[in-house]
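Participant: Listed below, chain by chain, are the residues.
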Amino acid sequence: MTDMPDLRVAGVQAPRKDAREKVTGAARYTVDVDLPGMLHAKLLRSPVAHARLTRIDARAARDLPGVHAVLTRDDLGGLQPTYGYFIKDQPIVAMDKLRYVGDPIAAVAAQDEVTAVRALELITFEYEELDPVPDVASALRVGAVELFEDAPMGIVPAYGRGASAELRPRPNVCYRFAYETGEDDAFDHCDHVFEDDFVFGRQQHFHLEPFVTVAREENGQIEIWTSSQNPFPLRKELSRVFQHPENRIRVHVPYVGAGYGAKNNCKTEPIAILLARLSGRPVRFCMTNEENFLTQTQHAAKIRIKTGVMADGTFVARAGEILLDSGAYADASPLVAEKAGYRLHSLYKWRHVKTVCDCVMTNTSPAGPFRGFGGTQASWASESQIDMIARRLNIDPYDLRLKNLLALGDPYVPGESGMDSDIGEGLRLVADRIGYHGRIRTPGRGMGLSIGFKDSGGVNKPASARIKISTTGAIYLQCGSIEIGQGITTALSAITAEILNAPAERVHYPDVDTDHTPFDQGTNASSGIVVMGQAVARAANEVKARVLEFAAGQLDCDVSELTLDDWNIRRGNESHPLNLMIMRTYGGTGFEFTGEGYHKAEMDHEAPLETRCVAWEYGWGAAEVEVDEQTGLIKVLQLVVSGDAGRAINPAVCRGQDEGSAVMGLGGALFETMLYDGVTLANGNALTYRVPLATDLPENFVSILQEQGHGPGPFGSKGVGEGCMLPVASAIANAVEDAIGVRVTEMPLTPERVLAAIDARNST
Amino acid sequence: MTEQIELFVNDEEHFITVDTSEMLVDVLRDRLGLKGAKIGCDRGVCGACTVLVNGDPTASCSTFAWRVDGARIVTIEGLAGEEGALDPVQQAFFEAGALQCGYCTPGMILLAKSLLARNPHPDRAEITDWMGANICRCTGYKMIIDAVEIAAATGEGQ
Ligand code: FES
Ligand code: FES
Numbered sequence: 001m002t003d004m005p006d007l008r009v010a011g012v013q014a015p016r017k018d019a020r021e022k023v024t025g026a027a028r029y030t031v032d033v034d035l036p037g038m039l040h041a042k043l044l045r046s047p048v049a050h051a052r053l054t055r056i057d058a059r060a061a062r063d064l065p066g067v068h069a070v071l072t073r074d075d076l077g078g079l080q081p082t083y084g085y086f087i088k089d090q091p092i093v094a095m096d097k098l099r100y101v102g103d104p105i106a107a108v109a110a111q112d113e114v115t116a117v118r119a120l121e122l123i124t125f126e127y128e129e130l131d132p133v134p135d136v137a138s139a140l141r142v143g144a145v146e147l148f149e150d151a152p153m154g155i156v157p158a159y160g161r162g163a164s165a166e167l168r169p170r171p172n173v174c175y176r177f178a179y180e181t182g183e184d185d186a187f188d189h190c191d192h193v194f195e196d197d198f199v200f201g202r203q204q205h206f207h208l209e210p211f212v213t214v215a216r217e218e219n220g221q222i223e224i225w226t227s228s229q230n231p232f233p234l235r236k237e238l239s240r241v242f243q244h245p246e247n248r249i250r251v252h253v254p255y256v257g258a259g260y261g262a263k264n265n266c267k268t269e270p271i272a273i274l275l276a277r278l279s280g281r282p283v284r285f286c287m288t289n290e291e292n293f294l295t296q297t298q299h300a301a302k303i304r305i306k307t308g309v310m311a312d313g314t315f316v317a318r319a320g321e322i323l324l325d326s327g328a329y330a331d332a333s334p335l336v337a338e339k340a341g342y343r344l345h346s347l348y349k350w351r352h353v354k355t356v357c358d359c360v361m362t363n364t365s366p367a368g369p370f371r372g373f374g375g376t377q378a379s380w381a382s383e384s385q386i387d388m389i390a391r392r393l394n395i396d397p398y399d400l401r402l403k404n405l406l407a408l409g410d411p412y413v414p415g416e417s418g419m420d421s422d423i424g425e426g427l428r429l430v431a432d433r434i435g436y437h438g439r440i441r442t443p444g445r446g447m448g449l450s451i452g453f454k455d456s457g458g459v460n461k462p463a464s465a466r467i468k469i470s471t472t473g474a475i476y477l478q479c480g481s482i483e484i485g486q487g488i489t490t491a492l493s494a495i496t497a498e499i500l501n502a503p504a505e506r507v508h509y510p511d512v513d514t515d516h517t518p519f520d521q522g523t524n525a526s527s528g529i530v531v532m533g534q535a536v537a538r539a540a541n542e543v544k545a546r547v548l549e550f551a552a553g554q555l556d557c558d559v560s561e562l563t564l565d566d567w568n569i570r571r572g573n574e575s576h577p578l579n580l581m582i583m584r585t586y587g588g589t590g591f592e593f594t595g596e597g598y599h600k601a602e603m604d605h606e607a608p609l610e611t612r613c614v615a616w617e618y619g620w621g622a623a624e625v626e627v628d629e630q631t632g633l634i635k636v637l638q639l640v641v642s643g644d645a646g647r648a649i650n651p652a653v654c655r656g657q658d659e660g661s662a663v664m665g666l667g668g669a670l671f672e673t674m675l676y677d678g679v680t681l682a683n684g685n686a687l688t689y690r691v692p693l694a695t696d697l698p699e700n701f702v703s704i705l706q707e708q709g710h711g712p713g714p715f716g717s718k719g720v721g722e723g724c725m726l727p728v729a730s731a732i733a734n735a736v737e738d739a740i741g742v743r744v745t746e747m748p749l750t751p752e753r754v755l756a757a758i759d760a761r762n763s764t
Numbered sequence: 765m766t767e768q769i770e771l772f773v774n775d776e777e778h779f780i781t782v783d784t785s786e787m788l789v790d791v792l793r794d795r796l797g798l799k800g801a802k803i804g805c806d807r808g809v810c811g812a813c814t815v816l817v818n819g820d821p822t823a824s825c826s827t828f829a830w831r832v833d834g835a836r837i838v839t840i841e842g843l844a845g846e847e848g849a850l851d852p853v854q855q856a857f858f859e860a861g862a863l864q865c866g867y868c869t870p871g872m873i874l875l876a877k878s879l880l881a882r883n884p885h886p887d888r889a890e891i892t893d894w895m896g897a898n899i900c901r902c903t904g905y906k907m908i909i910d911a912v913e914i915a916a917a918t919g920e921g922q
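In order, the protein sequence lines correspond to chains A and B. Residue numbers for the first sequence follow this note's numbering, beginning at 1 and rising by one. Residue numbers for the second sequence follow this note's numbering, beginning at 765 and rising by one.
One chain only, chain A, in its complex shape:
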């Protein structure tokens, strides 16, 4: 551990900034926004998975009393009807085709939701059904019907060394990412080459606050309140779709009732805005929990990994193919493919790596960003296979990992930044805590380890912050990081207070409003601390320098003689209240000091993804399970996870992130998955889609917060919040094999799958 600076505000246990509002019910979310004259919107969704929409007639709906606007493809008035990230393929409402059960066909704004629902029933439409494409296998079958007959508008961003991508490399594949380094013939020199297949399920984010937007358009200004993680990119996309100047679109983001990745980019916003425009009234469009399932999901995946090793366990080469189920629209699939592909070979030393990741279109709900962002799929396959190899070589999986792990400072791949945690140290911690070494073997019980990781901080991601201090010392921290539950307002306020030598309570974090808040690319990729944190620290240092310069001028001395002590200037044993000094200069009306801060990782064409990874986010996991061979039921007795916050700005907040992500991972490992019966989602509601409850926690569930001190963020910090999701499923699968000698390669690890694996073992 490196020497850490003494901190006063940051790094100590303090209540969250939003805690009081949230425990009293005073916290306001988009669902709570209520404008005078506000209408309510409802959506008509496709009953079929794949069809050509031939006719739509909404006249009867328009005539229903209480209905103020109806939106179909005939009401778009020359707008750009599609949106997306790299590929703009998702229509606001169906244009020519219906591509999944739930695809929006029409929307209504009415005086209340009941009237809106009634109006939807009056809309008639006709369609010609096409062959449905329920899954990856059928999408890739020769001669399969294509979801998109013509290539949608799309781009491939610039990539650096070893990375490349392609649009539509084959039918029903919207994007292919590939990464390669080292010599292809490395496999020829291995003692063993192992090839294994894995299947990854599909979780739903299940954020409790649904997708929701309140929109109005007045005097040429579009104004929305929305539950969004990335208001600035959203504003840009809305500007393109609506052909409306960005500075006439104003996005407000109240507290967000969580997102876990789902609340990036357009969701409820375009429809709410269009209905507001058509009706001339404010419109609230709030989806139901069921509609969340029809709007955004994680990527199911099929993964094949080939790994070449020496007899002594030395890793040599790794190649992989990932097929991501993207659902009906590209959404963030290309970005997820980048990360899944780039992370598949994991944190070991290889002479050769080669990965291809395809985004496959199917007639199912669109898949998009989900906590872990491709890393969850990659870790599942990669860390499962490490244990399988260890067993085949008769080496303990712990030792096999340690033997091959990258060391602190080793670049991940050529051109990439170095490891910023001692990975072996994390593994030792969780293994020791669970009692891995020297354990006494009990029939039916086993232990497993895993190391998940992701690059955090985003790719080429800029952030800016502004800090203002008023005459009386009131601090405004203006930046675009959204409080989505992760505690970012608490952490950034603590960093500000630390640098300004002020109590944290003096820092106010105004709601994000794109008209006033400095630009940020989005609250995602665990970037809050390592990217925005650095921008905030710069802004704080700048405003502090301004204050000290001002004071030096007033006291006619050198800046170096002065320190800022709360809202006083200290010079030797003199203390000068700043409010008085300011008013002496600027008069009784006062003044405001302002500091600006900006941060972005530098472009670097040698780095595969064009910037070196800002920080590496690791999640170490260890599990002990008991498996009932009669029922196939897995009982997780112990789950130990650990993340490295570098330096924890608020330890309790970090702990909450680690535990929350681990439990989300636990759900995905054991039971959570969207079940499709062909193209029909069979469990798309809260009753039938099972998320973990308090009663699902393992008897011994522990998170260990490491502070190794190597983070690039303020005071050595780095991001947490996704890492501990990553190792859980593979740690459990590894523990199952340790317990009963069978390998489950498909998530979630349901009793049926465990039993099937037992049957397979018994029949060989």
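Incorrect hints may have been included.
Claimed, not checked - Distance condition first, Cα-Cα at most 25 Å in a straight line; then the derived SDA-like pairs of lysine to any residue:
#: 1; chain 1: A; residue 1: Lys635; chain 2: B; residue 2: Asp893
#: 2; chain 1: A; residue 1: Lys635; chain 2: B; residue 2: Gly896
#: 3; chain 1: A; residue 1: Lys635; chain 2: B; residue 2: Asp887
#: 4; chain 1: A; residue 1: Lys635; chain 2: B; residue 2: Ala889
#: 5; chain 1: A; residue 1: Lys635; chain 2: B; residue 2: Arg888
#: 6; chain 1: A; residue 1: Lys88; chain 2: A; residue 2: Leu140
#: 7; chain 1: A; residue 1: Lys635; chain 2: B; residue 2: Asp910
#: 8; chain 1: A; residue 1: Lys635; chain 2: B; residue 2: Thr892
#: 9; chain 1: A; residue 1: Lys306; chain 2: A; residue 2: Ile395
Calculated directly from the structure, the hints in this document are not laboratory data. None of these values were measured; they are calculated from a predicted model.
Once you have looked at the hints, place chain B with the ligands on chain A.
Facilitator: Just chain B with the ligands now, with coordinates in the frame of chain A:
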């Protein structure tokens, strides 16, 4: 069809004419402006809309308003005391940092209140069992269970 009902919400008496299809959560949020109860699943599963009806934790999204005619209802807004002094359960959630996005928090706090009213000294297993009624997608529950333990230790419910 409408009906006139009487509700005692956070010790205040209200006479309200409700449609028979109207849910308690909508009356609280839209008529009385008490936005603390949240709608998550709208199906009686997640508990984000939990309020206390005559002391019982109740999913207000799945409760017709007319059904609770004459009832005493406590919402999250009714817990804090004079000058915003936090109720012991709120205080415990505040101190333990037992919240993230906060969307489940009002429901979780009211659920915990109802436990401690019945059983002032629950052990950890009893707490876990009881709190298993509501969903929190953010925290992983452990800090919520810790908070209820703290509240129990500080004598809530006695
Ligand atoms: S909103 Fe009422 S239980 Fe989920
Ligand atoms: S804090 Fe977000 S759901 Fe509980």
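Participant: Given the hinted pair lysine 635 of chain A and aspartate 893 of chain B, is their alpha-carbon gap at most 25 Å?
Facilitator: holds (17 Å)
Participant: Hinted pair, alpha-carbon criterion (25 Å max): lysine 635 of chain A, glycine 896 of chain B. Please report holds or violated.
Facilitator: The given pair, whose Cα atoms are some 17 Å apart, holds under the 25 Å limit.
Participant: Tell me if the straight-line CA distance from lysine 88 of chain A to leucine 140 of chain A falls inside 25 Å.
Facilitator: holds (22 Å)
Participant: Decide if the proposed pair is consistent with the structure: lysine 635 of chain A and arginine 888 of chain B, CA atoms, cutoff 25 Å inclusive.
Facilitator: Status holds; Cα separation ~19 Å.
Participant: Please verify whether lysine 635 of chain A and alanine 889 of chain B have alpha carbons no more than 25 Å apart.
Facilitator: Holds, at about 17 Å.
Participant: Holds or violated: lysine 635 of chain A with threonine 892 of chain B, Cα cutoff 25 Å?
Facilitator: holds (17 Å)
Participant: Taking only the CA atoms, is the gap from lysine 635 of chain A to aspartate 887 of chain B under or equal to 25 Å?
Facilitator: Given that 25 Å is the threshold and the Cα spacing comes to 22 Å, the pair holds.
Participant: Within a Cα-Cα threshold of 25 Å, do lysine 306 of chain A and isoleucine 395 of chain A meet the stated pairing?
Facilitator: holds (19 Å)
Participant: Is the hinted pair lysine 635 of chain A and aspartate 910 of chain B satisfied, with a Cα-Cα distance of at most 25 Å?
Facilitator: Roughly 23 Å separates the two Cα atoms, so the pair holds.
Hint check: no violations occur; every hint is consistent with the structure.
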